[in-house]
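Enquirer: For reference, the chains in residue letters:
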Amino acid sequence: MSDNMAIRLQDVHAGYGKMEVLFGITLHVASGEIVALVGPNGTGKTTTLRTIVGQVRARSGSLEYMGEDVSHKPPYVLTRRGIATSPEGRAILGNLTVLENLRLGAYTIRDPAQFRRGLERVYALFPRLQEREHQSGGSLSGGEQQMLAVGRALMSRPKLLLLDEPSLGIAPNLARTIFATFEEIRREGSSILIVEQNVYLSLRASDRSYVMERGKIVLEGESRGLLQNPHVKAAYLGVA
Amino acid sequence: MAKLRRILALAVGLSALFLVVFGADRLLPPYYRHLFVLFGINTILAVALNITNGFTGLFSLGHGGLMLVAGYVSAYLTMPAWWKEGHLSLPGWLTRAELPLLPALIVGGAAATLLGLLLTAPSFRLKGHYFMLMTLGFNIIMVSIGENLIPWTNGAKGMCPIPTYTSIWWVFGIAAFLVYFALRLKKSKLGRAMIAVGKDQTLAETMGINAPRTKMAAFAISSFFTGVGGVLLVHVIGNLFPTHFSLDLVFEIVMMIIIGGMGSITGSILGAAIVTGFVEILSPLQEGIVLFGFQLPRMFGLVQLLFAVFLILILIFRPYGIMGERELTPGTVLQSIRRVVRPRRTPA
Amino acid sequence: MSFQYIIQQILNALAWGSMLGLMAVGYTLLYGVLGLVNFAQGEVFMVGAFAAYFVIALAKGPFWLAVLAAVGGAVVAGVLLERVAFRPVRKAGGITLFITSLAVSIAIKNIYIMGLTNKIRPFNSPAFLRTVHHWKGLLIYNSTLAILAVTVAVTIALLLFVNRTKTGIAMRAVAYDRETAELMGVNTNRIIVVAFVIASSLAALAGVAWGVRFGSVQPTMGFTPVVSAFIAAVLGGIGNILGAVVGGFIIGVGEILFVGFLPPELIGLRPVFVWAVLFVLLLFKPSGLFPANVKPS
Chain A
1 MSDNMAIRLQ
11 DVHAGYGKME
21 VLFGITLHVA
31 SGEIVALVGP
41 NGTGKTTTLR
51 TIVGQVRARS
61 GSLEYMGEDV
71 SHKPPYVLTR
81 RGIATSPEGR
91 AILGNLTVLE
101 NLRLGAYTIR
111 DPAQFRRGLE
121 RVYALFPRLQ
131 EREHQSGGSL
141 SGGEQQMLAV
151 GRALMSRPKL
161 LLLDEPSLGI
171 APNLARTIFA
181 TFEEIRREGS
191 SILIVEQNVY
201 LSLRASDRSY
211 VMERGKIVLE
221 GESRGLLQNP
231 HVKAAYLGVA
Chain B
1 MAKLRRILAL
11 AVGLSALFLV
21 VFGADRLLPP
31 YYRHLFVLFG
41 INTILAVALN
51 ITNGFTGLFS
61 LGHGGLMLVA
71 GYVSAYLTMP
81 AWWKEGHLSL
91 PGWLTRAELP
101 LLPALIVGGA
111 AATLLGLLLT
121 APSFRLKGHY
131 FMLMTLGFNI
141 IMVSIGENLI
151 PWTNGAKGMC
161 PIPTYTSIWW
171 VFGIAAFLVY
181 FALRLKKSKL
191 GRAMIAVGKD
201 QTLAETMGIN
211 APRTKMAAFA
221 ISSFFTGVGG
231 VLLVHVIGNL
241 FPTHFSLDLV
251 FEIVMMIIIG
261 GMGSITGSIL
271 GAAIVTGFVE
281 ILSPLQEGIV
291 LFGFQLPRMF
301 GLVQLLFAVF
311 LILILIFRPY
321 GIMGERELTP
331 GTVLQSIRRV
341 VRPRRTPA
Chain C
1 MSFQYIIQQI
11 LNALAWGSML
21 GLMAVGYTLL
31 YGVLGLVNFA
41 QGEVFMVGAF
51 AAYFVIALAK
61 GPFWLAVLAA
71 VGGAVVAGVL
81 LERVAFRPVR
91 KAGGITLFIT
101 SLAVSIAIKN
111 IYIMGLTNKI
121 RPFNSPAFLR
131 TVHHWKGLLI
141 YNSTLAILAV
151 TVAVTIALLL
161 FVNRTKTGIA
171 MRAVAYDRET
181 AELMGVNTNR
191 IIVVAFVIAS
201 SLAALAGVAW
211 GVRFGSVQPT
221 MGFTPVVSAF
231 IAAVLGGIGN
241 ILGAVVGGFI
251 IGVGEILFVG
261 FLPPELIGLR
271 PVFVWAVLFV
281 LLLFKPSGLF
291 PANVKPS
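Chains as they are written, first to last, in this note's numbering: chain A, 1 to 240; chain B, 1 to 348; chain C, 1 to 297.
Just so you know, the hints here were simulated from the structure itself, not pulled from any lab data.
Every residue, glycine too, gets a C-beta built ideally from N, C-alpha and C.
It is possible that part of the hints are untrue.
Between beta-carbon pairs, the in silico distance windows are [what the hints assert, rightly or not]: (1) Tyr-5/C / Arg-110/A: 55 to 65 Å; (2) Glu-205/B / Phe-128/C: 53 to 63 Å; (3) Arg-190/C / Arg-186/A: 30 to 40 Å; (4) Pro-91/B / Ile-120/C: 37 to 47 Å; (5) Asn-163/C / Gly-89/A: 42 to 52 Å.
Pulled out of the complex, with its shape left as it was, chain A reads as follows (with noise of 0.2 Å):
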C-alpha cells in the first residue's frame, strides 16, 4: 500500500447496535487533496467520519491510515497521530473559553512555540476568533462556533482534516468564508475530507467527490466532472 495515502477504506461495514448504516465503504484520500463525501440526510456520512475515528468500529473491511491499519483504535491515539475533526454539531466545550478550546485543540501538542504559531495561523484564517478569545464557547453565534470548531481542529497540525457539516445552519457568505480557506489549510499540508449536505459548495471546494445514497457509494470522480453529472444535477443541484 502507498503511503501517500492519507486514508483508504475498502468495503467498510459499520453501524449501531443492530442497526446496520454503512455496506461496503471503500473510499480513500491522498496526501494533499481536498476530498468530499456527499449525499442526502442520514445516509451515512457522519457515521463513515465516526467510523474513520474509531468512535464506531467497523464491522468488517479495512481501515487503512497513512498505510497502518487502524480498525480498532480508540479515537485519542488517531488524533494523536495526526487525525483531527470538526464534528457534527460542532461539539464546543462551553464551559470553556475560545482560548481554552483552541487550547484544547492543541492537545497533542508539546512545543510552546509551536503552539503560538498555530494559534497566530487560526486567528489569521479567522479573526473573529482573536476578537472573541476569553469569551465561553457557549455564548458565540452559530457561525463562529463552526470557526471555532475547524479552527480547534487546526490547531493540532493534523495531516488529515475531517470536516462534518461545516455550513450547516450558517449563514450562506460565512459557509463560502469557510469554505474559502481549504485551499489555504491545504497548502500548509493537511488533506481533507469534508462531509457536507451543501453538494454545490463542496463540489466547487474539493478535488475529488464520493456520492452516497442508503449507505453506498453510488458515484464518485473528480469533483468538476460530477458538477455536471445528469445523476447529480437532477437529485442534489436542483435547488442550488
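Given chain A's structure and the hints, the job is docking chains B and C onto it.
Expert: Same frame as chain A, now just chains B and C:
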C-alpha cells in the same frame, strides 16, 4: 381463555402458598419459623423497593426511615398504655390507645407515605441523583430524630415490649397480595409509565407521561408497603431501636433487589430468600467458630464485608441479577427446562 | 447568645468547614468527570487518617511523614478502587456506579473494623498545632489556622491547575463532553485517574485535619462528613471547585451554629440542618449557588 388460565394459575398459586405456610407454621421449629417469617417480611420490603428502584429508576435509600416512621406510629397505637405513660409524653388519646394490628398497619403505612412524600417533595421534578440524596438524608434524619427526640421516642433505648401481633399468616398474606399487586402493576398503564420514566425520562415526557406525578405515585405505593413491612417487623421482633434502621438495613434490602434483578418482582423474592438465608448462615462466622479443627477468631464486620464484596462482583459480572427484568412464570420455567433437556443446535 | 459566643463558634467551625470543603471538592471532581457520586470518599478519608495515625503512633515518625503517608495511602486506595471497582462498571450508568461506591465503602470500613476493631484511637498531633492563642477573649487554635491555611493554599493550587494547565483544561473538557474531549486526543482513562488522585489527596488532608482537630480516629469516622460534604458540593454547583470549597464552609459553619443554638439534649439533631439546606436548595436552586461545570441537560 387467557383470563381463565390466569384465574387458574392464581388459584393454584394461592393454594400452594397456603399449604406451604400452613406446613411451616405447624412443622418448623421456632427458630426456622422465625427465619421464614423474616423472609416473608424481607420479600415485602424488597418488592416495595423494586417499585421505585426497579421500575421507575428512582434510587431510594430511605426505606429504613420509612420503616422507622411506620414502626413508631404503630407502636404508639398498640403498645400498652402503662408503658407509654411511663416513658413518653404523648397526647392523652395516643397514650391510651391500644389497637390491634390492622389499624396499626394502615395508619403506619399511611404515615410513612405522607412523611416520605413531604420530605422528598422537591426532588421529583429533578434528576434521579437528587432523589437518591434526598432519601439518604431522609433516612439519616429519621434515625437521628428517633435517637434524640426522647419524649417522643425514648431515644436510643428504644421502645419495648411491642406486642407481637405479627403472625406468619399476616406476613405471607400481605406478601402474596403485594406480589400479585406488583405483577399486575407492571402490566398496567401506570406501571408501564413508571418503567418508561425509569428507562428514559425525557423520552417518556415527550410521549405525554407526567414524569413527576408518576414518580410520586411510585414512591407513594412503595412507601406504604415499606411502612407496612416496618410495622410487621417491629411486631415480630417485639422492639424498636432507631439504629436498627440505619444504612446497614437499607443496604441489605438494596442487595436483595440487585441480586434478584431490579425490575423483576419474582427476582426480589429470590433475592430476599438468598440474603435472608446468607445472613443467618454467615452470622455465626463472626462470633468465631471451629471450622475444620481451626478456631476462627471473632471478626465483627465479616458478614458486611462479604456482602459488600459479593455485591461488587455481581455489579461487575452480572449487573442484571438473576432475573434481570423478567418474571419467573410457569412459562419461563418450562422454557428453561426445555432448553436444558433439548438444547437447540445452532447453525454452523 | 452573645456576639462573642457566635464569633467563637464560627472560629471553631472553620476547621470543620475546611474539612468539608476538601471532601466536597473531591466529590465535585469525581461527579463532574465520571458521573460518580462516590460514597467511598469517606473511607478514603479514613484510610488517609489511619495511615497518618500509624506513622505517628506505631512508627513514631515525624508529623510531615505522617501527612505524606496519609496522602500516599489514600491515593493508592483511590487509584486501586478506580481500577478494580469503578472502571469495570463505568458503562452501566450513574446509579450502578453509586451502588458500587456504597458497597466499596462498606467493604473498606469493615476491613478496618475487622482488623482493628472499632475503638477510638488517640491521634497525637505535634505541640505547635495544639497551642491556643487568646485574643480579645476569643480562643484561636493553631490547628484551625493551619488547616485553614492548607485549605486555602490547596484551593488556589487546584484552581490554577484546572484553569491554566493543559491537563486541567482537559479535565474540564471531559466533565463537559467526554466524547469530544477524546476526539481532541485526550486519554480519558488517564484523566479520570488524575481526578481520583486529586480527590483522594484532598480526602487524606481532610482526614489528617480531623485527627489533629478532634484528637482521635476511628474506622467509622468516614460516615460523619460524607453527607454534609456531598450536599456542600451540590450547594456549590456540580463541577465547580471554588463553589465546593465555599459550600463546605457554608455547611460547616452553619452546622456548628445550628448546634450551638440547640438545647443540649437535642444536639444529636445536627443532621437535620444539613438535610434542611438540601431541601431548600433543591426547592429553589438545584443547580447550586455557583455555575456548574457540566453540560446542562
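Enquirer: Run every hint past the structure and note whether it holds.
Expert: For each hint, the structure was consulted:
no., hint, verdict
1, Tyr-5/C / Arg-110/A: 55 to 65 Å, "holds, 57 Å"
2, Glu-205/B / Phe-128/C: 53 to 63 Å, "holds, 59 Å"
3, Arg-190/C / Arg-186/A: 30 to 40 Å, "holds, 33 Å"
4, Pro-91/B / Ile-120/C: 37 to 47 Å, "holds, 41 Å"
5, Asn-163/C / Gly-89/A: 42 to 52 Å, "violated, 26 Å"
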